[in-house]
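Peer 1: Here is how the chains run, residue by residue.
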Amino acid sequence: MNIRIAHLYPDLLNLYGDRGNITCLQKRCSWRGIEATVHEYRLGDELPLDETDILFLGGGSDREQCIVSEHLQGHRDAIQSYVESDGVLVAVCGGYQLLGHSYQQAGETIAGLSIIDSYTIAGERRLIGNVVMRCQHQQLVSAPSSATSVVGFENHAGRTYLGPAHTPLGVVTQGYGNNGEDGGEGVLYRNVIGTYLHGPLFPKNPLLADFVIRSALQRKYSSSIALSPLDDSVEHRAHDYLTRCRLARCQ
Amino acid sequence: MDGKTVAVCGTNGKTTTNNLLAALLRAQGMRVICNEIGSNMIAGVITAYLECCTRTGRVEADIACLEVDEAFGVHVLPHIEPDIVIVTNLFRDQLDRYGEIDITRELLVRALKKVPGAMLVLNGDDPLCASLCRTPPRVRTFFGVSEEVPVPTGGESISDESDAVQTEAREGRFCVFCHHELQYRYYHYSQLGDYFCEGCNFRRPTLDFAAREVRLDPHLAFSMNDLPVQTAYRGFYNVYNVLAALTVATLLEINLDDIDAVLASYAPQIGRMEEFVIDGMPAVLNLSKNPTGFNQTIAAMRADTRQKNVVVVVNDNDQDGTDISWIWDVDFEQMAEADAGFARFVASGIRAEDVALRMKYAEITPDTVLFEKDVRRVIEVLLRGEGEVTGKSGASRGEVLYVLVNYTPLFETQRVLLDLQAAGSAARADATPRRRRA
Ligand SMILES: [Zn+2]
Numbered sequence: 001m002n003i004r005i006a007h008l009y010p011d012l013l014n015l016y017g018d019r020g021n022i023t024c025l026q027k028r029c030s031w032r033g034i035e036a037t038v039h040e041y042r043l044g045d046e047l048p049l050d051e052t053d054i055l056f057l058g059g060g061s062d063r064e065q066c067i068v069s070e071h072l073q074g075h076r077d078a079i080q081s082y083v084e085s086d087g088v089l090v091a092v093c094g095g096y097q098l099l100g101h102s103y104q105q106a107g108e109t110i111a112g113l114s115i116i117d118s119y120t121i122a123g124e125r126r127l128i129g130n131v132v133m134r135c136q137h138q139q140l141v142s143a144p145s146s147a148t149s150v151v152g153f154e155n156h157a158g159r160t161y162l163g164p165a166h167t168p169l170g171v172v173t174q175g176y177g178n179n180g181e182d183g184g185e186g187v188l189y190r191n192v193i194g195t196y197l198h199g200p201l202f203p204k205n206p207l208l209a210d211f212v213i214r215s216a217l218q219r220k221y222s223s224s225i226a227l228s229p230l231d232d233s234v235e236h237r238a239h240d241y242l243t244r245c246r247l248a249r250c251q
Numbered sequence: 252m253d254g255k256t257v258a259v260c261g262t263n264g265k266t267t268t269n270n271l272l273a274a275l276l277r278a279q280g281m282r283v284i285c286n287e288i289g290s291n292m293i294a295g296v297i298t299a300y301l302e303c304c305t306r307t308g309r310v311e312a313d314i315a316c317l318e319v320d321e322a323f324g325v326h327v328l329p330h331i332e333p334d335i336v337i338v339t340n341l342f343r344d345q346l347d348r349y350g351e352i353d354i355t356r357e358l359l360v361r362a363l364k365k366v367p368g369a370m371l372v373l374n375g376d377d378p379l380c381a382s383l384c385r386t387p388p389r390v391r392t393f394f395g396v397s398e399e400v401p402v403p404t405g406g407e408s409i410s411d412e413s414d415a416v417q418t419e420a421r422e423g424r425f426c427v428f429c430h431h432e433l434q435y436r437y438y439h440y441s442q443l444g445d446y447f448c449e450g451c452n453f454r455r456p457t458l459d460f461a462a463r464e465v466r467l468d469p470h471l472a473f474s475m476n477d478l479p480v481q482t483a484y485r486g487f488y489n490v491y492n493v494l495a496a497l498t499v500a501t502l503l504e505i506n507l508d509d510i511d512a513v514l515a516s517y518a519p520q521i522g523r524m525e526e527f528v529i530d531g532m533p534a535v536l537n538l539s540k541n542p543t544g545f546n547q548t549i550a551a552m553r554a555d556t557r558q559k560n561v562v563v564v565v566n567d568n569d570q571d572g573t574d575i576s577w578i579w580d581v582d583f584e585q586m587a588e589a590d591a592g593f594a595r596f597v598a599s600g601i602r603a604e605d606v607a608l609r610m611k612y613a614e615i616t617p618d619t620v621l622f623e624k625d626v627r628r629v630i631e632v633l634l635r636g637e638g639e640v641t642g643k644s645g646a647s648r649g650e651v652l653y654v655l656v657n658y659t660p661l662f663e664t665q666r667v668l669l670d671l672q673a674a675g676s677a678a679r680a681d682a683t684p685r686r687r688r689a
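As they're listed, the protein sequences go chains A and B. Residue numbering for the first sequence follows the working numbering, starting at 1 and increasing by one per position. Residue numbering for the second sequence follows the working numbering, starting at 252 and increasing by one per position.
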């Protein structure tokens, strides 16, 4: 088996260790004998979505995010049909904001991709710090009505609000999340994960990484896939440090 | 105070540059105010002045050399009214403190606008730095390395697009004036090199002070405008710090005839490739607090042919930056290669769990990775080669111990190393007579 990971504009969107997310997906595939190739796309490149199994959009500084949002408009329809046919899309921080209808920057409202029913406005204060959230999505937890935790680090001035059709990726028990008001963090829609969490996201949350890999394989091979288990003790230790830290140190 | 004031700004190398400059000036018999231990926030700058004040409030010094944190420059520079401002480089640093690198540059631009009379001394190899000469246009001097350096500098080959591994600090490689991706005739590391923009003709300026014939083994040596320079430093990146100090010394018309003596005797300050010997085992302490600095340390370790043990200590206190995502932009992969000469790794510090995780995804052999939050214990076990950490033996083939720390573990770790060094020599002094008898 093999999968293709498309990393969009890594030359522009590469803040906060985004590279760690790509590395993590690639290694967790290769440790299972699944070949994962990473293809980087620059502005002006063709974007072959019919050959893409995981689409990754990271975060950038204001200037760079602005350049990207203009160029992405040309790929909007293609990305939407990719998403609606269960294509896997991971968007972090600035990339997450781009998925919505609009976001604000330096007093201007900039059009997003409208892939997700959300909008982002500028907040006065940056929301910064470690985040712990509870996730109850069926796709992510082993048993119904159980929950799992997801951890990371957020640093954003934007406040994102989801439309009524969407549920957030999780509910924060520490940190601010989408807007610091409703407790929601990120979004999970079909096979789209949008989130403010970096840190990076996947290494400390192997469950999410494996959800992404499994979803990509199932779509590509049109069959139910069971990933072989890995020894995740090092991952869990780093994950648990943040959930324990919440109790001991950061209260 | 009647003398001149020099301010040193930049992400990496401020302390080394500033202290070396102060040492060069003191060697001329000048009385120098200097904020020497990296206390470069506002309080540190004020303290440096107060320490040289007489009871009547006169500052008794011929010159002031002050490190000024980029983010506080807006407040500090107008007060100290520098005659010269050095900017060593601009890299991605502690994100949650300053925001993004554009913000840092913008803060520096605003600060420089407030001191339009100051002469600028800029790293010409760094496009982010060199672009500051237009803020507003004024007398400026550029230093840099004017030829390709045929040694491992820790930089990636920019032409190798397929190499997905090394991506640190790419944002600096875009033209700040027209946003085109910069092209490079040759390249040193991060965004440093001989660059030009096809969009607007922005290019590396002519270097007024150019280093050539750079050699790294065993210590950094080069020639600056035909002046031979031999340092006691390791690490390619120090070429910029030494160049910056020598550039300013030249501009101040300091006689450079006996710089050899200053450079040879000049001990690096706390935690800048600071060397110790403990029970006969050499140890090196180095501050490595952002991807560019850390990658340069890895390059320096790889250039060291000895078998190495490496302790990585990462804290996430406020002064360190509470976001430690940057460790994923460090090329730990460069230490995983079998021929790189690394024996043992230790993940340590408050965020030891994350360091160990980073090492795992760099595919560093798990058997060589130890996990221990207590730095003293780690160093004892590794240096003595006995005892164990997390069930793994400390014994290894290491011939030298490198301890890489970010900001807040620095002073404590240095104290541990000094203690152990002192204990080791005391023990040796005790043991010597007995050995003679036997
Ligand atoms: Zn340009």
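Keep in mind that a hint or two might mislead.
[To be verified] Just the calculated beta-carbon pair ranges, DEER-fashion:
{"no.": "1", "chain 1": "A", "residue 1": "Glu84", "chain 2": "B", "residue 2": "Tyr437", "range": "46 to 56 Å"}
{"no.": "2", "chain 1": "B", "residue 1": "Arg466", "chain 2": "A", "residue 2": "His39", "range": "33 to 43 Å"}
{"no.": "3", "chain 1": "A", "residue 1": "Asp77", "chain 2": "B", "residue 2": "Asp569", "range": "55 to 65 Å"}
{"no.": "4", "chain 1": "A", "residue 1": "Ser114", "chain 2": "B", "residue 2": "Glu614", "range": "37 to 47 Å"}
{"no.": "5", "chain 1": "B", "residue 1": "Phe428", "chain 2": "A", "residue 2": "Asp50", "range": "37 to 47 Å"}
{"no.": "6", "chain 1": "B", "residue 1": "Asp569", "chain 2": "A", "residue 2": "Ser114", "range": "30 to 40 Å"}
{"no.": "7", "chain 1": "A", "residue 1": "Ala78", "chain 2": "B", "residue 2": "Glu614", "range": "31 to 41 Å"}
{"no.": "8", "chain 1": "A", "residue 1": "Asp77", "chain 2": "B", "residue 2": "His430", "range": "25 to 35 Å"}
{"no.": "9", "chain 1": "B", "residue 1": "Asn452", "chain 2": "A", "residue 2": "Gly123", "range": "55 to 65 Å"}
{"no.": "10", "chain 1": "A", "residue 1": "Ala78", "chain 2": "B", "residue 2": "Phe428", "range": "27 to 37 Å"}
{"no.": "11", "chain 1": "A", "residue 1": "Pro164", "chain 2": "B", "residue 2": "Ile354", "range": "28 to 38 Å"}
{"no.": "12", "chain 1": "B", "residue 1": "Arg277", "chain 2": "A", "residue 2": "His39", "range": "14 to 24 Å"}
{"no.": "13", "chain 1": "B", "residue 1": "Glu399", "chain 2": "A", "residue 2": "Ala165", "range": "53 to 63 Å"}
{"no.": "14", "chain 1": "B", "residue 1": "Glu614", "chain 2": "A", "residue 2": "Gln136", "range": "54 to 64 Å"}
Since the hints were made in silico from the structure, they are not lab data. Glycine included, C-beta positions come from ideal geometry on N, C-alpha and C.
Peer 1: Does each hint fit the structure? Answer for all of them.
Peer 2: Going through the hints against the structure:
For Glu84 of chain A and Tyr437 of chain B, the hinted distance range of 46 to 56 Å is satisfied, since their beta carbons lie about 47 Å from each other. About 40 Å separates the C-beta atoms of Arg466 of chain B and His39 of chain A, a value consistent with the hinted range of 33 to 43 Å. With their beta carbons about 46 Å apart, Asp77 of chain A and Asp569 of chain B fall outside the hinted range of 55 to 65 Å. Between Ser114 of chain A and Glu614 of chain B the beta carbons are some 40 Å apart, a value that agrees with the proposed interval 37 to 47 Å.
Taken as a hint, the range 37 to 47 Å holds for the pair Phe428 of chain B and Asp50 of chain A, whose Cβ atoms sit roughly 38 Å apart. Distance hint check for Asp569 of chain B and Ser114 of chain A: the Cβ-Cβ separation is about 39 Å, which falls inside the suggested range of 30 to 40 Å. The given range of 31 to 41 Å is respected by Ala78 of chain A and Glu614 of chain B, whose C-beta atoms sit roughly 35 Å from each other. At about 26 Å, the CB distance of Asp77 of chain A to His430 of chain B agrees with the hint of 25 to 35 Å.
Taken as a hint, the range 55 to 65 Å is violated for the pair Asn452 of chain B and Gly123 of chain A, whose Cβ atoms sit roughly 39 Å apart. In this structure, Ala78 of chain A and Phe428 of chain B meet the distance hint of 27 to 37 Å, their C-beta atoms being roughly 33 Å apart. Taking the beta carbon of each, Pro164 of chain A and Ile354 of chain B are about 35 Å apart, inside 28 to 38 Å as hinted. As the Cβ distance of Arg277 of chain B to His39 of chain A is approximately 56 Å, the hint placing it in 14 to 24 Å is violated.
Between Glu399 of chain B and Ala165 of chain A, the C-beta spacing of about 56 Å keeps the proposed range 53 to 63 Å intact. Separated by about 34 Å at the C-beta atoms, Glu614 of chain B and Gln136 of chain A break the suggested range of 54 to 64 Å.
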